Amino acid sequence: MSDIVAKIQEKKKLNANDRIILQYIVDHLDEIPRISSRELARRTYTTSSSVSRLVKKLDFANYNDFKLNVSSYLKNLDYQNETPQAQDDLLTLLNKVSGMEMNVITQTKANLSMETLQRASDLLKAATYIDIVATDTNGAMADYLCHMLWGLGKIVHVYKEEDIQLYFSLHVPKDHLVMVISRFAFSQNIKRVVTNLAASQIPMIAFTIKEDSFLTHYATCVFYAYYEESSENLSKLVFYISLKFIFDLVCVILFSHDYEEREKLGEILKAYYQ
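Here the sequence shown stands for residues 2 to 275, numbered as in the numbering used here.
Calculated from the structure, these hints are not laboratory results. In this text, all values refer to a predicted model and were calculated from it rather than measured experimentally. Fair warning: there could be bad hints in the mix.
What the hints assert, rightly or not - Restraint ranges, calculated between C-beta atoms of paired labels, are given here:
(1) F187 x D123: 25 to 31 Å
(2) F185 x A272: 41 to 47 Å
(3) R39 x Y74: 52 to 58 Å
(4) T217 x L91: 38 to 44 Å
(5) D164 x H218: 22 to 28 Å
(6) D123 x A200: 43 to 49 Å
For glycine and all other residues, C-beta sits at the position ideal for the given N, C-alpha and C.
Could you build the full structure based on these sequences and the hints that come with them?
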(Lines of atoms letter the chains of each structure in order from A and count residues from 1; the text may use other names and numbers.)
(Lines give C-alpha, C1' and ligand atoms only; values in the text may rest on other atoms or scores of the structure.)
Protein backbone atom coordinates (compact mmCIF):
# COMPACT_ATOMS: atom_id res chain seq x y z
CA MET A 1 0.00 0.00 0.00
CA SER A 2 1.43 3.36 -1.03
CA ASP A 3 1.97 6.22 1.40
CA ILE A 4 -0.80 8.21 -0.28
CA VAL A 5 -3.34 5.41 0.16
CA ALA A 6 -2.28 5.06 3.80
CA LYS A 7 -2.65 8.82 4.36
CA ILE A 8 -6.18 8.84 2.90
CA GLN A 9 -7.00 5.66 4.83
CA GLU A 10 -6.36 7.51 8.10
CA LYS A 11 -8.91 10.20 7.26
CA LYS A 12 -11.55 8.36 5.24
CA LYS A 13 -11.69 4.89 6.86
CA LEU A 14 -11.25 2.98 3.62
CA ASN A 15 -12.23 -0.67 3.35
CA ALA A 16 -10.28 -3.33 1.43
CA ASN A 17 -12.00 -2.61 -1.91
CA ASP A 18 -11.49 1.15 -1.47
CA ARG A 19 -7.77 0.60 -0.96
CA ILE A 20 -7.47 -1.65 -4.01
CA ILE A 21 -9.26 0.86 -6.24
CA LEU A 22 -7.35 3.83 -4.87
CA GLN A 23 -4.02 2.07 -5.26
CA TYR A 24 -4.85 1.37 -8.90
CA ILE A 25 -5.72 5.06 -9.37
CA VAL A 26 -2.41 6.13 -7.81
CA ASP A 27 -0.52 3.75 -10.10
CA HIS A 28 -2.43 4.73 -13.28
CA LEU A 29 -3.44 8.33 -12.56
CA ASP A 30 -3.13 9.66 -16.11
CA GLU A 31 -5.52 7.00 -17.43
CA ILE A 32 -8.40 7.70 -15.04
CA PRO A 33 -10.03 10.62 -16.97
CA ARG A 34 -10.38 8.30 -19.99
CA ILE A 35 -12.06 5.30 -18.36
CA SER A 36 -15.57 4.64 -17.07
CA SER A 37 -16.48 3.53 -13.57
CA ARG A 38 -17.35 0.12 -15.00
CA GLU A 39 -13.91 -0.17 -16.61
CA LEU A 40 -12.21 0.92 -13.38
CA ALA A 41 -14.17 -1.76 -11.51
CA ARG A 42 -13.20 -4.38 -14.10
CA ARG A 43 -9.50 -3.51 -13.85
CA THR A 44 -9.51 -3.67 -10.07
CA TYR A 45 -11.65 -6.82 -9.83
CA THR A 46 -14.26 -4.92 -7.83
CA THR A 47 -17.73 -3.57 -8.71
CA SER A 48 -19.18 -0.32 -10.03
CA SER A 49 -20.95 0.17 -6.69
CA SER A 50 -17.57 -0.13 -4.91
CA VAL A 51 -16.20 2.59 -7.18
CA SER A 52 -19.24 4.79 -6.47
CA ARG A 53 -18.83 4.36 -2.70
CA LEU A 54 -15.17 5.38 -2.91
CA VAL A 55 -16.11 8.44 -4.99
CA LYS A 56 -18.52 9.55 -2.25
CA LYS A 57 -16.01 8.84 0.53
CA LEU A 58 -13.55 11.16 -1.20
CA ASP A 59 -16.26 13.87 -1.33
CA PHE A 60 -16.77 14.01 -5.09
CA ALA A 61 -20.28 14.69 -6.43
CA ASN A 62 -20.25 11.81 -8.92
CA TYR A 63 -17.88 9.69 -10.99
CA ASN A 64 -17.55 12.33 -13.71
CA ASP A 65 -16.51 14.91 -11.12
CA PHE A 66 -14.15 12.33 -9.65
CA LYS A 67 -12.35 11.34 -12.84
CA LEU A 68 -11.84 14.98 -13.87
CA ASN A 69 -10.54 16.13 -10.49
CA VAL A 70 -8.96 13.15 -8.72
CA SER A 71 -5.54 13.96 -10.21
CA SER A 72 -5.59 17.44 -8.66
CA TYR A 73 -6.90 15.97 -5.39
CA LEU A 74 -4.07 13.43 -5.13
CA LYS A 75 -1.39 15.92 -6.21
CA ASN A 76 -2.36 18.42 -3.52
CA LEU A 77 -2.38 16.35 -0.34
CA ASP A 78 -0.70 17.98 2.66
CA TYR A 79 2.91 16.77 2.93
CA GLN A 80 4.50 20.00 4.15
CA ASN A 81 6.50 18.52 7.01
CA GLU A 82 7.31 15.07 5.65
CA THR A 83 10.71 14.01 4.34
CA PRO A 84 11.07 11.97 1.12
CA GLN A 85 11.88 8.30 1.74
CA ALA A 86 13.52 5.67 -0.46
CA GLN A 87 10.31 3.63 -0.84
CA ASP A 88 8.05 6.56 -1.82
CA ASP A 89 6.15 6.30 -5.12
CA LEU A 90 6.26 9.14 -7.67
CA LEU A 91 2.98 10.72 -6.56
CA THR A 92 4.08 10.76 -2.93
CA LEU A 93 7.40 12.32 -3.91
CA LEU A 94 5.60 14.96 -5.97
CA ASN A 95 3.52 15.91 -2.94
CA LYS A 96 6.44 15.79 -0.51
CA VAL A 97 8.73 17.92 -2.66
CA SER A 98 6.05 20.55 -3.35
CA GLY A 99 5.18 20.52 0.37
CA MET A 100 8.84 20.88 1.26
CA GLU A 101 9.22 23.85 -1.10
CA MET A 102 6.17 25.58 0.37
CA ASN A 103 7.49 24.99 3.88
CA VAL A 104 10.97 26.29 2.99
CA ILE A 105 9.52 29.43 1.41
CA THR A 106 7.27 29.99 4.45
CA GLN A 107 10.28 29.66 6.78
CA THR A 108 12.39 31.92 4.56
CA LYS A 109 9.71 34.61 4.60
CA ALA A 110 9.44 34.37 8.39
CA ASN A 111 13.20 34.85 8.78
CA LEU A 112 13.57 37.74 6.33
CA SER A 113 14.35 41.12 7.81
CA MET A 114 12.56 44.06 6.19
CA GLU A 115 15.55 46.26 7.03
CA THR A 116 17.86 43.87 5.17
CA LEU A 117 15.51 43.85 2.18
CA GLN A 118 15.42 47.64 2.12
CA ARG A 119 19.20 47.96 2.46
CA ALA A 120 19.80 45.41 -0.30
CA SER A 121 17.20 47.12 -2.48
CA ASP A 122 18.95 50.48 -2.08
CA LEU A 123 22.35 48.97 -2.90
CA LEU A 124 21.03 47.18 -5.98
CA LYS A 125 19.14 50.19 -7.31
CA ALA A 126 22.27 52.33 -7.01
CA ALA A 127 24.59 49.79 -8.64
CA THR A 128 25.30 49.46 -12.35
CA TYR A 129 28.12 46.93 -11.99
CA ILE A 130 27.56 43.83 -9.87
CA ASP A 131 30.09 41.07 -9.22
CA ILE A 132 29.15 37.72 -7.70
CA VAL A 133 31.65 35.53 -5.83
CA ALA A 134 30.61 31.88 -5.55
CA THR A 135 31.96 28.38 -6.16
CA ASP A 136 30.58 24.91 -6.97
CA THR A 137 26.76 24.69 -6.74
CA ASN A 138 26.68 28.23 -5.39
CA GLY A 139 28.32 29.22 -8.66
CA ALA A 140 25.50 27.60 -10.64
CA MET A 141 22.98 29.54 -8.55
CA ALA A 142 25.03 32.68 -9.17
CA ASP A 143 24.72 32.10 -12.93
CA TYR A 144 20.94 32.11 -12.55
CA LEU A 145 21.02 35.37 -10.59
CA CYS A 146 23.48 36.85 -13.09
CA HIS A 147 21.11 36.10 -15.97
CA MET A 148 18.15 37.65 -14.15
CA LEU A 149 20.09 40.80 -13.22
CA TRP A 150 21.33 41.30 -16.79
CA GLY A 151 17.68 41.25 -17.83
CA LEU A 152 17.07 44.07 -15.35
CA GLY A 153 19.72 46.32 -16.86
CA LYS A 154 22.66 45.48 -14.60
CA ILE A 155 26.18 44.59 -15.80
CA VAL A 156 27.04 41.40 -13.95
CA HIS A 157 29.98 39.00 -13.74
CA VAL A 158 30.36 35.78 -11.76
CA TYR A 159 33.75 34.79 -10.30
CA LYS A 160 33.95 31.04 -9.62
CA GLU A 161 37.68 30.18 -9.63
CA GLU A 162 39.35 30.74 -6.27
CA ASP A 163 42.53 32.36 -7.61
CA ILE A 164 40.53 34.76 -9.82
CA GLN A 165 38.27 35.58 -6.86
CA LEU A 166 41.32 36.53 -4.83
CA TYR A 167 42.87 38.69 -7.57
CA PHE A 168 39.51 40.32 -8.18
CA SER A 169 39.11 41.21 -4.49
CA LEU A 170 42.33 43.23 -4.67
CA HIS A 171 41.27 45.28 -7.70
CA VAL A 172 37.54 45.98 -7.38
CA PRO A 173 36.47 49.42 -8.65
CA LYS A 174 34.75 51.53 -6.00
CA ASP A 175 31.53 51.79 -8.01
CA HIS A 176 30.94 48.01 -7.99
CA LEU A 177 28.59 46.07 -5.72
CA VAL A 178 29.75 42.58 -4.75
CA MET A 179 27.54 39.64 -3.82
CA VAL A 180 29.04 36.70 -1.93
CA ILE A 181 27.27 33.33 -1.76
CA SER A 182 28.56 30.82 0.79
CA ARG A 183 26.47 28.37 2.79
CA PHE A 184 28.84 28.11 5.77
CA ALA A 185 31.57 30.66 4.90
CA PHE A 186 34.20 28.18 6.14
CA SER A 187 36.45 28.55 3.09
CA GLN A 188 39.73 30.33 3.80
CA ASN A 189 39.63 31.75 0.29
CA ILE A 190 36.18 33.29 0.87
CA LYS A 191 37.45 34.77 4.12
CA ARG A 192 40.43 36.35 2.35
CA VAL A 193 38.23 37.70 -0.43
CA VAL A 194 35.69 39.20 1.97
CA THR A 195 38.43 40.69 4.17
CA ASN A 196 40.00 42.36 1.13
CA LEU A 197 36.66 43.73 -0.04
CA ALA A 198 35.89 45.12 3.42
CA ALA A 199 39.35 46.73 3.64
CA SER A 200 38.61 48.52 0.35
CA GLN A 201 35.14 49.52 1.63
CA ILE A 202 33.39 47.76 -1.24
CA PRO A 203 29.65 47.33 -0.52
CA MET A 204 28.72 43.66 -0.12
CA ILE A 205 25.50 41.65 -0.03
CA ALA A 206 26.09 38.19 1.47
CA PHE A 207 23.94 35.04 1.31
CA THR A 208 24.60 32.42 3.99
CA ILE A 209 22.81 30.42 6.72
CA LYS A 210 24.29 31.33 10.10
CA GLU A 211 23.88 34.60 11.96
CA ASP A 212 27.30 34.11 13.55
CA SER A 213 28.85 33.57 10.11
CA PHE A 214 32.15 35.22 9.21
CA LEU A 215 30.22 37.10 6.51
CA THR A 216 27.96 38.77 9.08
CA HIS A 217 30.86 40.83 10.43
CA TYR A 218 32.01 42.19 7.07
CA ALA A 219 29.09 42.40 4.63
CA THR A 220 26.98 45.53 4.25
CA CYS A 221 23.88 43.39 4.53
CA VAL A 222 23.32 39.66 4.93
CA PHE A 223 20.48 37.37 3.83
CA TYR A 224 20.08 34.19 5.86
CA ALA A 225 18.66 31.39 3.74
CA TYR A 226 16.66 28.70 5.52
CA TYR A 227 18.52 25.48 6.28
CA GLU A 228 17.72 22.17 7.96
CA GLU A 229 20.10 19.60 9.37
CA SER A 230 19.12 16.35 7.67
CA SER A 231 20.83 14.27 5.01
CA GLU A 232 23.46 16.31 3.16
CA ASN A 233 21.62 16.19 -0.16
CA LEU A 234 18.28 17.26 1.33
CA SER A 235 19.95 19.98 3.41
CA LYS A 236 21.53 21.38 0.27
CA LEU A 237 18.22 21.21 -1.55
CA VAL A 238 16.48 23.14 1.24
CA PHE A 239 19.21 25.80 1.16
CA TYR A 240 18.97 26.27 -2.61
CA ILE A 241 15.16 26.44 -2.60
CA SER A 242 15.41 29.19 0.01
CA LEU A 243 18.25 30.94 -1.81
CA LYS A 244 16.38 30.99 -5.13
CA PHE A 245 13.32 32.48 -3.42
CA ILE A 246 15.49 35.29 -2.04
CA PHE A 247 17.05 35.83 -5.48
CA ASP A 248 13.60 36.00 -7.09
CA LEU A 249 12.38 38.42 -4.45
CA VAL A 250 15.39 40.70 -4.97
CA CYS A 251 14.84 40.66 -8.74
CA VAL A 252 11.13 41.47 -8.42
CA ILE A 253 11.98 44.39 -6.11
CA LEU A 254 14.37 45.72 -8.76
CA PHE A 255 11.80 45.15 -11.51
CA SER A 256 9.10 47.04 -9.61
CA HIS A 257 11.46 49.96 -8.90
CA ASP A 258 11.57 51.03 -12.55
CA TYR A 259 8.75 49.07 -14.13
CA GLU A 260 8.44 51.00 -17.40
CA GLU A 261 12.17 50.86 -18.18
CA ARG A 262 12.29 47.13 -17.40
CA GLU A 263 9.31 46.53 -19.68
CA LYS A 264 11.01 48.47 -22.50
CA LEU A 265 14.17 46.39 -22.09
CA GLY A 266 12.05 43.24 -22.13
CA GLU A 267 10.38 44.30 -25.40
CA ILE A 268 13.78 45.01 -27.00
CA LEU A 269 15.06 41.57 -26.01
CA LYS A 270 11.86 39.89 -27.21
CA ALA A 271 12.27 41.52 -30.65
CA TYR A 272 15.61 39.75 -31.14
CA TYR A 273 13.88 36.37 -30.95
CA GLN A 274 11.06 37.11 -33.39
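Evaluated hints:
Between F187 and D123 the CB atoms are about 30 Å apart, so this pair conforms to the stated range of 25 to 31 Å. Here the CB-CB span from F185 to A272 is close to 44 Å, well matched to the stated 41 to 47 Å. For R39 and Y74, the hinted distance range of 52 to 58 Å is not satisfied, since their beta carbons lie about 21 Å from each other. For the pair T217 and L91, the beta carbons lie near 41 Å from each other, so the given range of 38 to 44 Å is met.
Between D164 and H218 the beta carbon distance is about 24 Å. The supplied range of 22 to 28 Å therefore holds. Taking the beta carbon of each, D123 and A200 are about 23 Å apart, not inside 43 to 49 Å as hinted.
Figure legend: structure checked against the earlier numbered hints; hints not met, in rising order: 3, 6.
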